[in-house]
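Produce the entire structure from the sequences given, and follow the hints as far as they go.
So the sequence lines, in the order shown, correspond to chains A and B. If you're matching positions, the first sequence starts at 1 in my numbering and goes up one per residue. If you're matching positions, the second sequence starts at 432 in my numbering and goes up one per residue.
Treat the hints as calculated values from the structure; they're not laboratory data. Each residue gets a CB set at the ideal place from its N, CA and C atoms; glycine is no exception. Keep in mind that a hint or two might mislead.
[Unchecked claim] With a cut-off of at most 25 Å between alpha-carbon atoms, the simulated DMTMM-like pairs for lysine to aspartate or glutamate come out as follows:
1. A:K16 / B:D582
2. A:K93 / A:E174
3. A:K21 / B:E557
4. A:K421 / B:E504
5. A:K21 / B:D564
6. A:K21 / B:E583
7. A:K245 / B:E514
[What the hints assert, rightly or not] FRET-style restraints, in silico, Cβ to Cβ:
8. B:I503 / A:P369: 48 to 58 Å
9. B:E662 / A:V414: 49 to 59 Å
10. A:K345 / B:N469: 46 to 56 Å
11. B:N469 / A:G424: 28 to 38 Å
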Amino acid sequence: MRKLFKGSSGVVKISKGFGQKGYSLPPKPWLVVAWKEVLEAFRDRRTMLNVVLLPMILMPLVISLPTLMLSPKTIPPKIMVVVEDPRGMDLAKEIEALENSSEALVSIVTDGGNYTGLVLSGDVDLIVDIPEGFYENLSSGKTGRLIYYYDPYGARSSVAMGVVQRVVSEYSEEVLRRRLEAINLSEEYIKPIVSVAVQVTSTGEGATTGEVVTAMVLPMMVGLIAITGAGTFAIDMIAGERERKTLEALFTNPVSRGQLLLGKFGALTLLSLISGLATLFSALIGVGFAITSMSESLAAGSVPQLMEPSRLLYLTLGILITVALGGLTGNAVMITAASFAKTFKEAQQYVGFLTLILVVPMVAIPYAPQSFHPVLRVLPISSLAMFARDMIVNPGDLGAIATSLIASILYLIVFLWLSAKMFGRESVIFC
Amino acid sequence: MVAVEAISLTKAFGDLLAVRKLSFRVEEGTIFGLLGPNGAGKTTTLRMIYGVLKPTYGTAKVMGVDVRENPIEAKRKMGVLPEDTGVYPRLTAEENLVYFGKLRGMDEERLRKRIKELLDILNLTEKRFVVADKLSRGQKQKLAFARAILDEPPVLLLDEPTLGVDVMSAREIRKMIEEYAISGKTVILSTHNMWEVERLCDRIAIISEGTLRYEGSKEDLRRIAGKREFEDIFVRLVRGEVIEKAV
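If you want it as structure tokens, here you go:
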């Protein structure tokens with residue numbers, strides 16, 4: 001890994017060209033500082049590993065692995081159908097048909113043997129026992145009882161239960177339909193009440209479950225990434241510089257602290273954007289895997305509706321503004337914390353704590369009661385999350401959008417002022 | 432002409448008075464030695480002059496520019512080698528110089544020429560593309576020295592420039608200091624090294640417990656104290672034994 005960045009002699013192998021670019025930079029101190037910060041970040045193996053490479057590998061795994069593992073198509077569960085009632089073979093054949101769609105590996109036997117041993121050893125994920133008298137009960141209008149033997153701690157057992165119950169449910173509905181036909185009754189007779197849900201939205205348009213989930217989760221996810229990506233870089237740029245004792249020499253230059261901070265801020269924004277995009281990209285890969293592995297009925301209609309032009313504009317604007325404001329606010333908070341801390345370790349603790357504080361409102365907003373919304377629109381950070389939500393869910397409510405946007409901008413100004421104040425202190429160099 | 436003037440410089444850290452009403456003048460084109468034991472206030476004094484510490488009271492002027500009133504302009508007149516070299520470990524030797532050169536407003540042509548010249552003089556040319564982390568202590572110190580004189584500022588402030596440096600590197604740095612002063616520039620040198628002071632400095636100030644014990648030429652100091660050994664004079668002044676005679 002070390003050789004990727006520099007040889008054993010310390011001669012740089014990569015980013016050498018970017019280093020040479022320094023000569024031709026325009027005489028803008030903030031730009032020079034930003035150049036140096038980006039150059040240093042690319043040379044720091046730990047930072048790049050933690051902030052870019054790790055999320056790119058981990059995020060798709062974290063998102064897609066559970067879905068992949070729980071998808072019957074990834075690893076079909078092993079199901080054994082024990083047919084003790086020969087006339088129950090119809091249902092057994094229906095379950096066996098799962099093999100055609102590669103959702104299960106099914107074996108049909110007449111004697112299952114040691115059920116417990118088979119399930120616990122993992123030879124079989126689920127045993128479906130069709131006991132004697134099962135068909136008799138069905139044909140005489142009684143309830144036919146199936147017995148499932150499964151491992152409650154085994155994920156594959158749960159997957160097997162899911163696919164079998166789907167088949168059994170369809171079979172049961174068919175039996176019910178025949179029974180009703182035989183006595184001339186309609187399905188409506190046994191369903192006296194049917195619920196009809198009418199969606200009430202500010203746009204007056206309906207939304208699919210997938211649309212609502214995506215609209216709620218996507219801006220929050222983007223906001224979270226924008227806010228939390230900066231921590232590692234901020235620590236290195238402020239507390240790291242102090243620990244490496246380079247800040248004092250830096251401050252001897254004829255450049256104001258404001259210009260130096262602006263340069264660091266610019267680099268931080270660029271780096272957190274790279275980190276955020278890497279995380280977002282890998283998250284989308286993960287979601288893509290997850291959707292592919294879901295059954296078709298679940299995946300259908302989750303995302304495409306958001307691509308309607310009227311909603312797309314608000315979604316795009318919502319995401320862009322949330323990323324910009326969230327990123328800048330997060331950077332200002334992180335710089336403040338890193339400037340306040342006396343050591344690198346202390347900075348890590350502050351940043352970790354603050355990240356949690358920043359994350360909680362973002363995560364909590366989708367679950368907050370409607371009556372809390374006016375307050376949440378004017379509280380720090382939650383105002384940003386509410387803005388993202390309003391842009392997607394309430395695009396017609398301009399008052400709400402303006403309130404949360406203005407509050408977010410005001411908080412950004414406060415955090416920027418605070419970061420400049422902290423960075424301007426003598427103790428930023430000497431603790 | 433006076434290059435640097437400290438006017439009642441005072442610095443308190445809470446209840447601790449680190450520097451007390453320190454005043455001295457450094458003439459242009461001279462090497463001025465700032466002497467004192469550990470914790471005497473030498474570094475704090477320098478830091479107030481080069482603008483990273485704000486004086487509690489008093490001020491300093493560099494080439495006539497007040498460091499409190501116009502810190503940016505004052506910093507333009509100074510090159511600084513702080514107590515810690517402050518070189519960036521992940522940047523190459525060349526990139527370290529480019530960074531500071533650009534921050535000091537040097538244009539590309541001049542910067543390229545000057546970096547090549549300094550790396551040659553300080554025998555660092557072959558380390559040009561090597562990250563500073565891989566340089567020896569002496570090489571880092573030479574790099575930091577090169578950084579301080581990059582844009583040839585009229586005043587150079589050096590805090591222990593040869594401390595912990597190997598003999599060869601220390602010799603090169605001392606030679607550069609002498610040459611810098613010969614070219615008409617002013618150098619303020621904080622050091623523990625008596626031999627260095629005796630050899631390099633035109634005038635000296637001795638500080639102890641944040642207070643100025645002596646300011647003048649080394650010859651005057653020797654004559655007043657009546658001793659030949661420089662180290663003895665220093666020890667006696669720091670102890671306060673010859674304060675009345677000397678100041």
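Results for each hint:
{"no.": "1", "hint": "A:K16 / B:D582", "in the structure": "holds (24 Å)"}
{"no.": "2", "hint": "A:K93 / A:E174", "in the structure": "holds (15 Å)"}
{"no.": "3", "hint": "A:K21 / B:E557", "in the structure": "holds (20 Å)"}
{"no.": "4", "hint": "A:K421 / B:E504", "in the structure": "holds (22 Å)"}
{"no.": "5", "hint": "A:K21 / B:D564", "in the structure": "holds (21 Å)"}
{"no.": "6", "hint": "A:K21 / B:E583", "in the structure": "holds (23 Å)"}
{"no.": "7", "hint": "A:K245 / B:E514", "in the structure": "holds (10 Å)"}
{"no.": "8", "hint": "B:I503 / A:P369: 48 to 58 Å", "in the structure": "holds (53 Å)"}
{"no.": "9", "hint": "B:E662 / A:V414: 49 to 59 Å", "in the structure": "holds (57 Å)"}
{"no.": "10", "hint": "A:K345 / B:N469: 46 to 56 Å", "in the structure": "violated (27 Å)"}
{"no.": "11", "hint": "B:N469 / A:G424: 28 to 38 Å", "in the structure": "holds (29 Å)"}
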